[in-house]
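Chains A, B and C are the protein sequences, given in the same order.
Take the first sequence: its position 369, counting from 1, is numbered 1745 in the numbering used here, and each next residue is one higher.
Take the second sequence: its position 91, counting from 1, is numbered 556 in the numbering used here, and each next residue is one higher.
Take the third sequence: its position 305, counting from 1, is numbered 294 in the numbering used here, and each next residue is one higher.
Source of the hints: derived by calculation from the structure; they are not laboratory data.
Note that the structure is predicted; figures quoted are calculated from it, not measured.
Glycine is no exception: its CB is placed at the ideal position from the N, C-alpha and C atoms.
Each hint should be verified, as a subset may be incorrect.
[Stated by the list, open to error] Label pairs and their calculated CB-CB ranges:
#: 1; chain 1: A; residue 1: A1434; chain 2: C; residue 2: L187; range: 50 to 56 Å
#: 2; chain 1: A; residue 1: A1434; chain 2: C; residue 2: I23; range: 44 to 50 Å
#: 3; chain 1: C; residue 1: V111; chain 2: B; residue 2: L470; range: 39 to 45 Å
The primary structure of each chain is shown beneath.
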Amino acid sequence: MKKILAIALALAMMMTASFAMAEEAIKIGVIGPMTGPYAVYGLAVQYGAQIAAEEINAQGGIQLEILAADDQGDGELGVNAYNDLLDDGANIMLATVTSGSCLAVSDVAYEERVFMLTPSGSADAITVGKDNIYRVCFKDSAQGLASAQYIADHKLATKIGVIYNNALDYSIGIYNSFKTKAAELGLEIVAEAAFSDDTNADFSVQISKMQEAGAELVFLPIYYTPASLILSQSASAGYSPIFFGVDGMDGILTLEGFDKTLAEGVMLLTPFSADAEDELTRNFVATYQAKYGEIPNQFAADAYDGVYALKAAIELAGITADTAPEDACDPMIAAMQQIEVAGLTGTMRWDATGEVDKTPTAVVIKDGVYVGAK
Amino acid sequence: MIQFLSYLVNGISLGSVYAIIALGYSMVYGIAKMLNFAHGDVIMVGAFVSFSATQYWGMSPLVSVVVAVAVCTLLGILIERLAYKPLRSATSLAVLITAIGMSWLLQNLALLIWGANPKSFTSIVNLGSIVLFDGQLRITSEAIVTVLANIVIMLVLTQFTGKTKMGKAMRAVSEDRGAAELMGINVNATISMTFAIGSGLAAIAGVLLCSAYPVLMPTTGSMPGIKAFTAAVFGGIGSIPGALIGGLLLGIIEILGKAYVSTELGDALVFAVLIIVLLVKPTGLLGKKVHEKV
Amino acid sequence: MKMKKFKNLSGNLITYAMVVVAFLLCELALSGMIDGFKMSRSLKGQLVPICVYIVMAVSLNLTVGISGELSLGHAGFMSLGAFSGILFSQWLLSAFPQTDLALVRLVGALITGGIVAAIAGVLIGIPVLRLRGDYLAIVTLAFGEIIRNLLNCVYFSLEGASVHFSFLDPNLPGTVVINGPMGAIGVKKLASFEAGFLLVLFTLVVVLNLINSRSGRAIMAIRDNRIAAESVGIHVTKYRMLAFVISAALAGMAGALYGLNYSTVQAAKFKFDTSILVLVFVVLGGIGNIRGSIIAATVLTVLPEMLRDFGTYRMLIYAIVLIVVMLATNSPMLRSTLDGLAGKLKNAKEGDKA
């Protein structure tokens, strides 16, 4: 025990020594699940941030370095990763990717006055009462509200079914706000069925419940992986309502081996689509594909935008690589409220609550591509 | 009534997938007397190999299954040689932990090889569904193939363990390892053989699992692995027909529980039923009663 | 006999001494009194989790090593402790907002966590302890999963001194404390390294005294030969239950400390993998070896953090290290080689003396 501690301490000291001779680049700490079941999201964020940093560095001017740390989507490991990144000399955090871990880490960052911008942690509570926590993505309740509003405005359906993930805060958060708003707007939720991460293979029961209740539209506040199973199992059950997703649904068309005809007619609200025709998106998708061999999803886009937002704020606040995280915090907060960034996920502005102001666009899948819905 | 039948059919489809995984689990347990927690991950590897064979190397689905079986059989032998064989005389807990380490190793290797992005597996049977009662009852071709595969595998395995020399050796090793050794049975070779067969079966299970539920990622095997383990215990671990029955019942209970009790508590129900069964029959439905030696 | 007793006592003393010395060293490093002997943030942040995992490992060792039952659901007790401890602590805060009761809340949370987990231990123990071997293992796994599944559906909120509860319905008046799958939120952190150290000491006192008591010897006799133990009049169920419940209670206390170390905790944290992780600590440290559990829990908690520089290969390397260590410590072939080497060294030394 003594020996081990001594070794651990020695190692820790070596780390402290190594970051004393910091280089000029400002270090941005990225925390997310890079192994385990949620690895797809953490790696996408890491890659997206990396591409943005390389572009910025190539322009000359301020130099950024991305330090990535794995938290497997877990709060405890998230806090460990956060501490490790600060040991390594991170100035600012672009973290964390998943909501659960983000809640735990954001509280520590708030107490210790470390500026943190979460690319994709969407739980409402992440930014509440914490002045130095900002976010790139929409908060969960905003997505639920927007979805209900869109469905009512466009009179898509009156009888609505919902399939949600009972063990995922993202899904529950969106669903709860959707439910409240739907009641206000006179939309009738005729069936609701849950699943959990452990029972996410067979959806026959959930689909039957939707079918029985005669739901004309099924709202899916879930990620695209289980959604792809719901689509294929609905098809084999001969059930074809309108499927309506949120930003987690983005990625379904890039799912390798997925039969795109199953997604025909699926609608979703998303701030990013990899098929968009604007130059920024095209370049990003091309670079990402060349570098990592995959088509980027919205997590990568959020991270890319996050790095550009941080860059704009860093320039405005005059942060350098020598600024300690605690000293960078207040200037960053002030700067974040003044910047406007035109990114992959839209033109973004932030207010003092830390929430982003951008508009989601509704798209519908036609012939295997996104088409802007009216 | 038709609704109930429909749930039942879905339950059998799900259960047949659990059963086919449980067969391999149960066989390895019965002979090597170890909980092979890496079994679920061998399934994942099998599915990935089959996926790569069809998507990247342009093989036909059936050939890809053969390739997957071959790769997994080799993998099973390799794992057994490297990790389990040196621990033959160690405590069962030591072997259990090594198996867990192996499970993490396989998952992380798969993450490095195939990446974190989930893949959508193209069903190898894809023959459409049988539609009855004006579309109120549908039976997918995957379900039929899986059930048939279960029956065939079960028959072959019972014949194999009952009739062939190797199979008899396996049963002898399972009954009493020491006595089998004294009778001149090569215990090590027999156990290696068991792993080879179990892992080959895992490849088939992986392909059928992903045909029925077409999402594939490095952690795909872990939850079905635990469920199949539960199914194997349910039916009486070590018993080949027990694994089949356990798997089917588990699937049916899960679906009916979700349908008539609560979709949130489907899992809790499965485990609750398992506990009740084990309290009534402490060695599972078809498990052998072990007499204690005094 | 006397000799053995003495050996036990000195062994225990070494264990206590090791923990105390490690604690003092950490405190010294934390205080920063000696130049160059400082602790990194990363290690500092892990101190409480290390204490928690030590308590988890020692308590599981009581079930697995001393009592000889393979339990795969230890994280279930931890989660009950975490959630009930948090609820108690937040309730005190909400009921008496004016008074500063930090210490009372912390101790109260630990006790609540321990009691709730102990009650669950009794309830689960009744059916579980009728089974044996791998069947017992799967039933503990099943209970662990059921607990997690149920916690995902539970909602608690506080309004002054009153507590509201609901199952599956998130709409509750007041401040929500336990929010279904989102877990416990807005927890006021109370855990400290000192508290963790005291909990480790408490656990050691309980477990080591139990092992060396009459009850402990009865428990080990049952483990070694149940029928023989029964025939000399040992009440088998009573003693197995005793070990199981104490183990559960300690895990509950560890859970409460864990819960109060973070502002949020989700039930998903306490899945099967966590139970397995603690089991790995126990087996790697040596089944029945309390000191081994402490060392293994510490090393294996710190190890993945030290491997961070390997990036995506980190968990791969962790898995390989685990397998290699298991093979090295358990393979008879490797062992005999090592023993042979050790013997030669010893001979050489004795030769020197002569």
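Taking the hints in turn, this is what the structure says about them:
Checked against the hint of 50 to 56 Å, the C-beta distance between A:A1434 and C:L187 comes to roughly 54 Å, which is consistent with it. Range check, A:A1434 to C:I23: Cβ separation about 46 Å, and the 44 to 50 Å hint holds. For the pair C:V111 and B:L470, the supplied restraint of 39 to 45 Å holds, since their beta-carbon distance comes to about 42 Å.
The structure fails none of the hints (numbered hints given earlier).
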